[in-house]
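Take a look at the letters that make up each chain.
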Amino acid sequence: MIRPKLITELSISERPWIRRHQGQTSVWIKMLSTVIGAGLIGTTASTEAASNFDRDIRPILSEHCYPCHGPDAENRKARLRLDTKEGLLGSAGVPGPFVPRNPEGSEALQRILSSDPDELMPPPEANHPLSAKQIALLEQWVIDGAAWQRHWAFEPIATPSLPRPSAPDWVTNEIDLFIQEHHQLNTLEPAPEASREELIRRLTLDLHGLPPTAEAIKAFVNDSRPDAYERLVDRLLASPRYGERMVWDWLDAARYADSNGYQGDRERTMWPWRDWAASEFNRNTPFDEFTIKQLAGDLLPHPTTEQILATGFNRNHMINGEGGRIPEENRIDYVMDMAETMGTVWLGLTVNCCRCHDHKFDPLSQRDYYGLFAFFNQTPVTGGGGDPQTPPVIELPSDSDLTLQRATTKEKAALERTIIAFEKANEERLKQEVNKPDIATILQENLEKRSDAQIDTLVKSLPHSLEAYSSKLKQLKSLRQHLAAIKKRIPKVMVMADRAEPRESFLLNRGLYNNPGEAVSAATPGALPPMPKDASRNRLGLAQWLVADTNPLTSRVFVNRQWALFFGQGLVTTPEDFGSQGSRPSHPRLLDWLASDFRDQGWNIKRLHRQLVRSATYRQSSRVSPDKLEKDPENLLYARGPRYRLPSWMIRDQALAAAGLLVDQIGGPPVKPYQPDGVWADFSFGNKKYKADTGAALYRRSLYTFWRRIIGPTMFFDAAKRQTCVVKASRTNTPLHALATLNDVTYTEAARAMAERTIRGSASDAERLSQAFLWTTGRAPHDEEKAILENRLAQLKERYGSAPAMADALLAEGQHSAAPDLDPIDHAAYTAICSLILNLDETLSKQ
Amino acid sequence: MKPTMEQRQRMTRRHFLGQSSLGLGTAALASLLAKDLKAASPNSQTALQGLTHFAPKAKRVIYLFQNGGPTHVELFDGKPSLAALHGKPVPDSFVSGKRFSTMTGKADGKLMLAPVEPFKQHGQSGATVSAFLPHIGSIADELCFVKSMHTDAVNHAPAISLLLSGGQIPGRPTIGAWLNYGLGTANENLPSYVVMTSVTKNTTCGQIFYDFYWGSGFLPSEHQGVKFRGKGEPVLYLSNPKGVSQAVRRGILDDLSTLNKRQFHDFGDPEINSRIAQYEMAYRMQTSVPELTDFSDESEDTLKMYGPDVKEQGSFAYNCLMARRLVERDVRFVQLMHAGWDQHNSITTELYNQCRDTDQASAALVRDLKQRGLLEDTLVIWGGEFGRTPFIQGKLDDRERWGRDHHPYAFTIWMAGGGIKPGMSYGATDELCMNAVQDPVHVHDLQATILHLLGIDHERLTFKHQGRRFRLTDVHGHVVSPILS
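Which chain is which? The protein sequence lines are L and E, in order.
Numbering follows my numbering, in which position 303 of the first sequence is assigned residue number 303; successive positions increment by one, without gaps.
Numbering follows my numbering, in which position 308 of the second sequence is assigned residue number 308; successive positions increment by one, without gaps.
Among the clues, some could well be false.
[Claimed, not checked] Distance condition first, Cα-Cα at most 25 Å in a straight line; then the derived DSS-like pairs of lysine-lysine: (1) E/K242 / L/K797; (2) E/K242 / L/K672; (3) E/K261 / L/K786; (4) L/K628 / E/K261; (5) L/K436 / L/K472; (6) L/K728 / E/K464.
Hints listed in this document are in silico derivations from the structure and should not be mistaken for laboratory results.
Please model the entire structure based on the sequences and the hints provided.
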C-alpha cells in the first residue's frame, strides 16, 4: 500500500490551500522550511494511522487553544469551542471551524496559517505560537478527513489483543509482547538479562525496600532450579517487609503525617491507620475492597472497627488551628482536600483546577467539582480549633492496654462498691468523727462525681481511726489516675462519619467559602460513565463507582503508578494527570491490557506486582550503550532495565540493614531517630523540641519515623512533604544529599557498625572488604575495585595509626555500643571505608 | 572517558531537555544547556548571556522580608488628616464592603489611631520616614518607596505565600526558585538561593516560618531555597563527622570518583557523572560555607555599621552582613525573613524593639553594598506581606495595648539598587492610609518587576504542571516601569 505523503514531506508549492497575502512570505513558511524533512519522531508513531486525533491533534488544541476555546464556559472567546466534536467539526448543516478534507475552507486552519498578525491564531500576544510541525500535523489531519476521537483516558478499558511475538524466546509474559512490539518498530534490541546478583538486589529493593542479605544472594545465585526466580519473587511477596515497602508511596498519596501542620503543628495519632494500610498490602486485600474501605468503610453495613479505621485516609489532611481563622473556611479547605486527594489518587485528574472555574482542558466543570465535593461535605467536622483528634475518632487500644483497662475498671468498680458500702454503713460515725460542713458536702456527693481534689480534702480530714477507709480512698484516686493515663495513651484515629442531618452543598464562586452559588448535590463528573441508578449518593456509592468495571480511570491510574514503582516512571509519565494535558501513554495498549487484566482478575495487587517483576522487560540489565542512550535517553521504550537513585528513606534502611543495626519490629507509634539539634526549634520559635529516641527506636525502618509537617525529617531528601497528596516521586541530585549521606550520624554510625560486622565476619582484609561491598551493592568487588579499596584501607590505617585520638573520635559517633575488643585503628579505617561504600553511586542506585 | 562518548552524553542531555521541556520557558531551557557548556569551562561567566528576555539590570536580589505586616501607618505613610481624625470613627466610605481579619470583623465604627511617632522628611528627595527608622531615613536618597502596594490576602501565611510564590495556597514555586530554574545556577561553591530567618528578641509574635516560603512547589526540588540555620552549622550535615579530617575525606572522595567513573563506563548512565559533580560541590561547600560565615576579614567599621548584634548568629544584623557576603560570592537570591511585625496590641511597646532590631542593619546593608559597588546590580527589597489598619485594634484609653490589625488594601515597601530609580516615592494611599489610590501596585506587579529587573519577561517564564503552564504572576502582573532607572 502506498502511504500518502506527510505534510512535512511536501514542499511549500505543493500546499495550495494556504491563503497568502501578496508578496509576503509568512513567518511560518520560513519556519517550516527549516523543519521539512525532520520527519516525525517520538515513540508512539507506530502502529496507528498517520493522522491520529487523540495522539497528535488534541494535545495541540489543548495546549494552544483550550485556554480560550475549551471547556471553561466563562472564559470562552468568540463562542468557539474546540474541545467537543460539534464545536470542532460542526453539526448537521452547520460547518465547523475545521472542515474535513477541505483545508482551504477550514476557517480555523486558515487563521492558524495566516500571515496577518490581526488574523493569526493563536494570537501573537499569547506568547505561545504553534510550531511548524504542529501546524503541519493539523493540516494533515484535515486533509485526512479530520477524524475525531474521545480523549483516550475516558474511553472504556477494553482488553487489547496480544501482539504476535517477533522473537518469542525473549518473551516471558504478556507485558513483553507489547514492549517487544515497540522495540521492533524502533529497531531496538532488548538488553540481556541482568546477572543473578543484580536481579536479587533489584527485586529485594523493589519489593522490600531493603538490600538482600549475603545468604539470600548466595542461595539465589546457586539455585539451579528452573523456577528459581519465580520462587524468589514469591518468597519476597510473602514477607511482611513487602507491606512496609509498598505502603510508603500510599502514605505519600494519602498525605499521612504525625502532626497537623500550620502554626502550632500539634501531634496527632493516626499511626494505627498507617499500620493498617501496611498490613493490607501484606494481606493482599483486593484494590477495590481497599478503596471502598478507605473512602467509605464507615458506611458499610455494620462496619467493623477495621473498616472504620480505614476511613482515616480521608482525615490525614492538614488541620489549621491558627487564631483568627474562620472555622467554615477551614472546613471547606478540608473537604476540598478530601475531594481533590480522591481525584488524584483514583481518577488521576486535576480536579483542583475546577475549584474556581470550569477546567481549562478537561471536560470537568466547576459544577462537577462541587458534585464530588458534596460527597465529602457531610462530615460533622466544623473546622474550628486545631484538635489533632477532632471527632469523629476511633479509639484503638493495644491488646495489653485493653486488658489492663478492663482489669483496672473492674478493680475500681469493686473498690467503689466497698467504699460506698462503708460510707452507707458508717454514715453516723463519719458525721461524728469528721464534723466539718465541707466534708459533709463531699460525702453527700456521689462517689463517682467526687473530684480528686475533694478526695484529697476528705482523706486529709479523716482521723487515724478511719485509716482503712482513708487508704481505700487513696487507692481509688490512684486507680482513677491509672485509668486516665491509659485512656490518654490510647491512640485516637480521626475517621469519617456522615452527619445525621444532611448538609446542603453549594458551588462556591471563585472557590471562596463565603461566596456560595447554586446548590449542588453529590454527583460524579458528567464526562465519565454515570453511577448506577440504585447506588447511594454518598461516599459508599462514590467508592463503588470508582471501582466499577465501567470506570475508565481507576484501574489505569493505579496500574500506571505500580509500573512506576518498578520502572521509575509510569507508562503515562504524568501519574497525577490523565487529562488532555497529561502525557499520553508510551504504550497505550500495554496500559490497557494491564488495567483490564488487573480489574478482571480481582484487583489483585500481588498478582500485578508478580507480573511486572517476572517480565523479561523488568529483568533486563540496566547497562546502556551510547547509541541506545541517544536513541532513547529516558528509557521510554524499555530496551534496558531501570536504573535510578533510590528514595532517600530506602537509602537509610539499606545502610541500617548493611550495618546489621536494623530493628525489624513492625508497626506502633512513630519513633525519633537522629536529627541535628535545633531543627524543630528553628521552625517553631522554640515551641517544638526534637528529642531523639535511644536504643532500638533509632534503628527502626524509616517508615516509622515521626513526620512533623512543618519540618519533615531532615534525613530524608526529595521526599514528599506530606502536606497534600503526592503521587510522583521527586528525584533530584544536589550537594546537600551528598552531605547527608557522608556526614549524618545515621550514616557514620552505620559505617561504624558495618565495619565492626565485617571485621568480625572474616579474617583477611580482602574478604572483609568484599563482604562489606556485597552488603550494599549485592556483589563482590572486581579486582580493580578491590585494589582501590585495599590501597585506601592501608592509607587509612596509617593515618589513623598516627592519630589514634582521631580514630577514637570517629568510633564514638552514634549511640551504638563500642567494640572495645577491636583494634581502634583498624576499626576506624574500616569505618571510613564503609562510609565510602555507603556513598557509591551503585549503593545509592537501583540498577 | 572517550571524547566521543562525552559528546554523545551531552547531546543526549540536550535531547532530553528538548523533549521534556516542551512547555518550559525558553530561558530555562537555554540556561540548562548553558550550564552544561559552563561545566566544560568552570570559570566562564557566560551563564547569563543570551538567555534572558531583556538586558538584566540586576544580577542578584536580597529580599529583606518583614514577616507580620509592618505598619505603613507608623513607618512610612505620614498623613496629617489621619492624625486629625484620631479617636474618631472611621468614615464609612473608606471601609464599606471590605473584608478584614476575624479579629476586626466589620470595620464599621472603628476608631482612627494617629501614628505614635512623628515623621520627618529625609534627604534631597524629601522622603517621609518615621522617627522609628532613623537609619533608613538617612539613606532615603538611595531608596524607592512604593507606597501603593496592595494584596488579596488578609492572613499571614496566605499573604506571604501570595507575595513570594504568586498563590495563596502552598505549592507554587517561590521567586528564588523561579529564578534558579529560569537562569540556572551561577555558583560553583554555594547554593544560588539562600534563606535566613530571624525574629525580634522577646517578641510575643508566634508566626512561624513555613518551608513553603522558600519552596520549589512543582519545580524540581533542587530549585528550593537552602535555609541557612540560625544556630549551629548553617547548612545541615556540613561538617565531617568527628574523626574524619578533610584529608581523609579528600581521599575517600577521590576513590569514590574513580569507582563511580568505573561504574559509568560499565553502565553508561549519565546520572553517575552528575553524582560525581555533586559530591565535589559538597566538598567545596565544606570550605566555602565556613569561609562565608567567618567575619574575621570584616573591618571594625563595617561591623560597627551593622550594629551591636552583628556577630550574633541568627540575628537580623548578622543575616544582613551574611547577605552582603553571599551576594559578593554571586549567590543570586538571598531571602532574609524577619518576624515580629504583627503589632495587634504592641504599637507603643514591641514596635520599638522591632525597629531597633532591623533599622540599622537594613540601612547598613544598602550602604555597604553601595560602598563596594555591588548595589548597582543588586536589587534590595524591604517589605512585608501587607500593611496595618489605620484604625485601632484595642481600646483608645489603653495606650499600652494599642494595636493595628492586618490590612491588605495598602502598604509600603522600599527597593534599592539593581535598576531601581533612587530617591523617589511611587504611588500613594488616600488621606487616611486606607486604600492604595494613586498608581496602585499589586503584589503580582511587584513580582513582574523583579523578574523584569533580572531580564525575564514574567509572561514567558513558565512551567507546565498539571496540564497548565504556570507562571509566578499567575495570569496577572504589570511591570512598574516608572520606578525603573
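Taking the hints in turn, this is what the structure says about them:
1. E/K242 / L/K797: Judged against 25 Å, a Cα distance of about 17 Å means the pair holds.
2. E/K242 / L/K672: holds (22 Å)
3. E/K261 / L/K786: holds (15 Å)
4. L/K628 / E/K261: holds (19 Å)
5. L/K436 / L/K472: holds (21 Å)
6. L/K728 / E/K464: Between L/K728 and E/K464 the Cα gap is close to 15 Å, so the pair holds against 25 Å.
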